[in-house]
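Undergrad: Given next are the chains, with one letter for each unit.
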Amino acid sequence: MSRLEEERKPFHIKILDRIRASKLLKIIVLLAPASIFLAIFFFSPFIIALMYSFNMFKQVVYTYVFVPRISLEYYIRLLDFPGIFVTMQRSFYYAIVTVILTLLLSYPAAYYIGFKLDPKYKSTAVLLFIIPFWVNFLLRTYSMKFVLHDEGLVNTLLMTLGLIKEPIRFLGTDLAVIIVMAYDYMFLMFLPLYGVLEKLDKELLEAAATLGASPYKTFLKVTLPLSSPGIIAGSLLVFIPAVGEFIIPMLVGGVNTTTLGTLIYSFFITVRGEAGWGIGSAAGLIYIIFIMVLSYLYIKLVGAEVQFG
Amino acid sequence: MSTRRDFLRVAFVGAAGLAVGAGAGYYIREGEVLSLRKRVDELLSKIGIELEDNLNIYNWTWYANLNLIEDFEKQHGLKLVYEFFEDLDTALSVIRAGQPVYDVAVISDNEAQELYQEGYLQEIDLDKIPNFEHVPEGFKGLEYDPDNTFSVIYSYGTTGLGYNSEVVDKPITKWEDIFDVDNPDSHIRRYAGKVTMMPDSGETLGAALIYLGYDPDSVNESELQEAADVLLAQKQYLYGYKSTEDYMDVLPVGTPYAISHAWNGDIAGAVYAADEYEVLIERYYEHLRYVVPEEGAIAWYDNFVIPANAVNINAAHAFINWFLDPVISAIHCITIKYPYPAGLKYTPTELKEDPMIFTPPEVWDRLFIGRPMTPEERALREQYWTMVMTG
Amino acid sequence: MSKSDVILKIYTILLLGIIYVPIGVLIVFSFNNSRNRAVFTGFTLENYYRLLADERVWSSFYNSIWVAIVVTIASVFFAILLSYAVTRYDFKGKDILDMLLLIPIIIPEIVEALTLLLFFIIIGIPLSPWTIIIGHIAFDISFAYLVIKARMAGYDPQYEEAARTLGADELKTFFRVTLPILLPGIIAASLIAFVESYDDFIKSYFTRPGGFSTLPVHIWSMASRRGVTVDLNALATIVVIIAIFFAYIRIKMERWM
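Protein chains in written order, with the numbering used here: chain Z, 12 to 320; chain R, -5 to 385; chain V, 544 to 800.
Worth flagging that the hints you see were computed from the coordinates, not collected in a lab.
Reference listing, derived: stretches of chain V covered by chain Z, where coverage requires no fewer than 3 residues with Cβ under 8 Å from a Cβ of chain Z:
id : segment
1  : 557 to 563
2  : 568 to 575
3  : 624 to 636
4  : 661 to 673
5  : 737 to 749
6  : 754 to 763
7  : 780 to 792
If you anchor each label on the Cβ, the simulated ranges turn out as follows:
id : chain 1 : residue 1 : chain 2 : residue 2 : range
8  : Z       : K34       : V       : P669      : 38 to 46 Å
9  : Z       : F77       : V       : L722      : 40 to 48 Å
10 : Z       : P21       : V       : S602      : 43 to 51 Å
11 : Z       : I26       : V       : R593      : 56 to 64 Å
12 : R       : D243      : Z       : A220      : 54 to 62 Å
13 : Z       : I26       : V       : L726      : 22 to 30 Å
14 : V       : F586      : Z       : L215      : 52 to 60 Å
Calculated lysine-lysine pairs in the BS3-like style (CA-CA distance at most 30 Å, straight line):
id : chain 1 : residue 1 : chain 2 : residue 2
15 : Z       : K213      : V       : K552
16 : Z       : K311      : V       : K635
17 : V       : K546      : Z       : K232
18 : V       : K546      : Z       : K213
19 : Z       : K127      : V       : K795
20 : Z       : K34       : V       : K635
21 : R       : K339      : R       : K68
22 : R       : K164      : R       : K346
23 : Z       : K176      : Z       : K156
24 : V       : K552      : Z       : K131
25 : Z       : K210      : Z       : K228
26 : V       : K546      : Z       : K210
27 : Z       : K311      : V       : K637
28 : V       : K552      : Z       : K127
29 : Z       : K131      : Z       : K210
30 : Z       : K228      : Z       : K127
31 : Z       : K156      : V       : K552
32 : V       : K795      : V       : K552
33 : R       : K122      : R       : K339
34 : V       : K795      : Z       : K210
35 : V       : K635      : Z       : K37
A virtual CB, placed ideally from N, CA and C, is assigned to each residue, including glycine.
Please construct the entire structure, taking both the sequences and the accompanying hints into account.
TA: This is the structure:
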């Protein structure tokens, strides 16, 4: 190609040529769209929230004026807030109980489907297990409201069987929140468990049996430790949404079911003006940092890639 | 529900705008509606205002006949968005945030005044609302807005206690019945787990303050602390903090709860099994009661306001004007069972004499009408309120 | 089969049955001719007629679909570029990039949604369907990226090398060789991205403009209003059928992933 032709090329072709020639430029072009998008619409909102939590914006009717100051006022007010520790305690309690419950409920099933079931039925069984969880989260939660109602299925059944005389009060209690969370999040525990158990080496277990270990001992000494990555992954996957749950306490909870999620929401929505957003941002950021540290530790510890249902 | 109700609904929807007021023999014929429309159009053209293509309205749930609203939309060929809120705190935070944008909102007395003073409301041009003349004198220029600069009356009422008398054998008369947790004979103890309060800071803190003998708008820290303590002690005996949508549904059944901190018109609506469409007067749940407790209660006035960032100003005025038409207001009243002052002339006597809907004069003596507060005072009260909610 | 295996089998079948109960109850009651939530009084299809005649259900369904389509196209496009860069080139900060791209998935959505709303309000961007789309793309990029990257890392780059040796330039190679091999991964990623957006409630709810709802937002507004119980049940039944359809497709895809 002569130099003249080179110069005659339209501008955009020239740019394309240059990109083709340079590896660095190629990488930049590939990374730029998503990075710019995420920088603007994902990461900068957190920076705005961070600035807001340090009281760096002043609200003047609908506009917000930047004020170069750093004040810890909102953080102090957050920590001074009487309900904050009770709420945190409660959120952790819900999340931990949910993790344990989902683990206990789904382990036997994951073990059976992943390990014992004839391989040709496996994918059908998994499909059957997942379908309910593909139904919209709100509807799943809402349907549990029906089941747990004073005159709902559970109470009707128990009363017909004569096991109880008065309906058990589920709605509005901790129990309802935990039951519904366990129901809604069970598949997040099931999938990683199944993933690990399915790949478990059968010969290893047979070897253990040949060496005279009882099935019980084999399970405790071999199967359980080998499935621990699944347990850890499942626990994390359940714990993260459960600890900040916002919709379930709103729909089936009662007076004493405020969680971190509902607390942050109420700071933003019901507390008036700048202070609400400020304290809410502060709470949200602390919460996010906590979740990120937890996830980081998990990735460092287990090293496996998190599986997402 | 009976087939008659179904029939009436079909008849009403079918005629699209033809409203049938059953019970008291109220019939508003299509012809009347048409002449009404013409009148409104004439008034509009006389002032020479042209409506925008959109109108966004933000109102409480169960507060207007939705068929009529739809009719307004069709009549003016605009795209009308009608959205609901259930508690004032949420509504105020939405209006302060300015997102989503609304052209008309319905906000209570002092809160409206505070919004205006902070610059979140624009002035209402009464010249564009000729129907304002139908508002009775007693509802014009109320204390919080003497010249109707930024507000026009929508409805009014009280906040008291509603209960299901089939479940609750002894009548409730006082706040004490639901706040005195030390008395094992009080309603709150006997119906533990079957009582709800409102999820609204002003109302619920106010109720506790009235019970303690203080001003419901108190900003005295020790009084607020006392009120918060009362609410926290009461909390363990509550079913939850529930609003309109929930208690209107549950109270007639009486389970899971049977006593609710409630607005008068909601309980009236439940008694008449009102929905947002049917124009009829028929009492369905006679066993529901509403009381304004002896210690007193909060009275409130809801108002049309136009947020400062509203864009469809003419349509907003036209909507307010349309709503204030005496016949339209009366139909809303027959449907929803709240009093709409502008419609008094056409409101059936049966409803006018119902103390649940129209608060009788002797009750007014023990009602508290709020005062505007500074943002600092609000913030102080919210602190105690959030303490109660999360405690 | 040993005794413990029988117990396990019974337990698994029981669990599989129980998880269908709540949804089953909704479906059964969607045919109820009474508005009472607890007692089944008779069979009717009227709830469905009423539901299908409801314009808002259709418009929210339509909104959900078109929002999800735009979100899917954008996030899969971004994800392909990212995956290509990460799997075909060496550069510093790859690990950090991987970590950063996990963040949108791990952090609680309620915080993400509220901070995004705060951002829109402070910057002064009026809420519109596009603000919902932006919010959805932000987390969908990560989902799509995880799937496409796994696929791209999983196959032998020698096909690409071969194509290049034969004289095709990189762009041509990408379109003629890489993309067709990637296609199953892209389809799988699109499906996940689509469903994540289609099913999202929290972000849509907080970043939507007045009068605009997606299906989950509409479901929420129905669930929080009285007197529409049976209509909601009918809607739930339809949503369940759609969900089964999606689940089926996704399982079919699994072998491509």
